[in-house]
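K.L.:
The chain contents come next:
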Amino acid sequence: MRILIVGGGMGGTILANNLARRLRNEVRSGKARITLLSASERHMYQPGLLYLAIGRMTPDELYRDQASLLEQGIEFHVDPVEEFRLDNNEVKTKSGKVYGYDVIAIATGSRPTPEEIPGLAESAELFYTEESAVKMFNRLRRFEGGKVLVAVGVPHKCPMAPLEITFMLYDYFKQRGILDKVKLHYTYPVGRVHSLENVAKWAAPEMDRLGISYETLFNLKEVDSAKKIAKSEEGSETDFDLLISIPAHRGMEVIEKNNLGQRGWIPTHRNHLNMEGRENVFVLGDTTNLPISKAGSTAHFEAEALGENIAAMVKLGSPVREYDGKVFCFIEAGLDRATYAMFDYNNPPQPKPPTKAVHWFKLAYNKLYWASARGLL
Amino acid sequence: MSNRRTIDARGSFCPGPLMELIAAMKMAEVGEEIEILSTDKGSASEIPEWIHKVKHEHVGTEEKEGVWHVLVKKTH
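From first to last, the protein sequence lines stand for chains P and Z.
Letter by letter, the first sequence follows residues 0 to 376 of numbering that gives the first Met the number 0.
Letter by letter, the second sequence follows residues 0 to 75 of numbering that gives the first Met the number 0.
In short, the hints are calculated from the structure, not lab data.
Among the hints, erroneous ones may be present.
[To be verified] The list that follows gives simulated cross-link-like pairs (lysine-lysine, DSS-like), each with its CA atoms no further than 27 Å apart:
id, chain 1, residue 1, chain 2, residue 2
1, Z, Lys-63, P, Lys-220
2, Z, Lys-63, P, Lys-227
3, Z, Lys-52, P, Lys-200
4, P, Lys-355, P, Lys-182
5, Z, Lys-54, P, Lys-227
6, P, Lys-227, Z, Lys-72
7, P, Lys-91, Z, Lys-72
[Stated by the list, open to error] One-sided and incomplete, this derived list gives chain Z residues near chain P with beta-carbon spacing under 7 Å:
id, residue
8, Gly-10
9, Pro-14
10, Met-24
11, His-51
12, Lys-52
13, Glu-56
None of these values were measured; they are calculated from a predicted model.
Cβ atoms here follow ideal geometry from the backbone N, Cα and C, with glycine treated the same way.
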């Protein structure tokens, strides 16, 4: 069986490694073949961008060579797919090469699109790319006080990022000794400060305690960069001196160009993870249209389910388990405390009060990630 | 193109049914109806609240076997 994985982010990398271990004998004997195609020879630890933006990590700490993360037996090529020919079970890559497959897994990820909101890209600081996170870090270093507005687009990668950056900025300004000159104002698209009700129940009183003001049902419509005013779809306006954006995301352009899914999100079965109407096309990570968090842990748990299933397809002829919607997210509650949320389709999270121990575990995970990408954790 | 799409947000704790609707609104055309399926009874009130605030149309809500079906229409 020829297994083709498109995308070398967390989902694609874990899936490739998971399959390589499960199918070691089959790969050796030629019964199975695992090919991974990526757009980059480097693998980025994306959650590290949050820390980069506030000077707690440096750019070099975010990367490893992709090849160094992969198990033996995986054929890895830096050659991004340009054409998905699903009716013919093949893809064509940038180099012009055609790869056939029996099973394909698409894990191409998502991209921030601040340019879709008028005035946002030129007004805001964000931390979803290395370049923007470094720019934000330098802007924060120069910031001497004023109103800091946090604005959140939908959908966005890492659902905890809006709260995390807000609480981390509070501690950051406190440590710089300018907290008395800073007014933090948090906005959020739905009617509470976080989509997870139990997280919102913890975060809102925490904001009250810290003097962070907030406005809910605020979906950014446009930014007047000259007057420094953000306007919402709901008709409200708020001014700012520094605008921090968690921008809306889209799936990758190649998905849209190949008409695999509107705005780059591929319609995906919530339990089987196959593309709707395609039995041999699987989707994982941000690329799905599933109503769950676009987060590394989602890709991780989906990859584990898919790894087991695709290996079973090779060995038994059919999948053996369903994905249950499992997600796990750390939540930084400042620069020295954190908590976490774990949930699935049937069980809401019950986050505990933040502790230093969980924060230190998150910092440890920032290093352990590389073991996770290898599929060892 | 069909003038109604269904968003299956059952079991969606995060981002949740309303956030799914906000994202879906970006993909819908004016005049298109969107049916949100939610297992969160809070959707029955919070979705119409947002819809009214952004001046789209709340067509109706009904519960069937523990699933709330909220129907809205994009009007602008």
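K.L.:
Could you work out which of the previously given hints the structure breaks and list their numbers from low to high?
P.N.:
1, 2, 6, 7, 10, 11, 13
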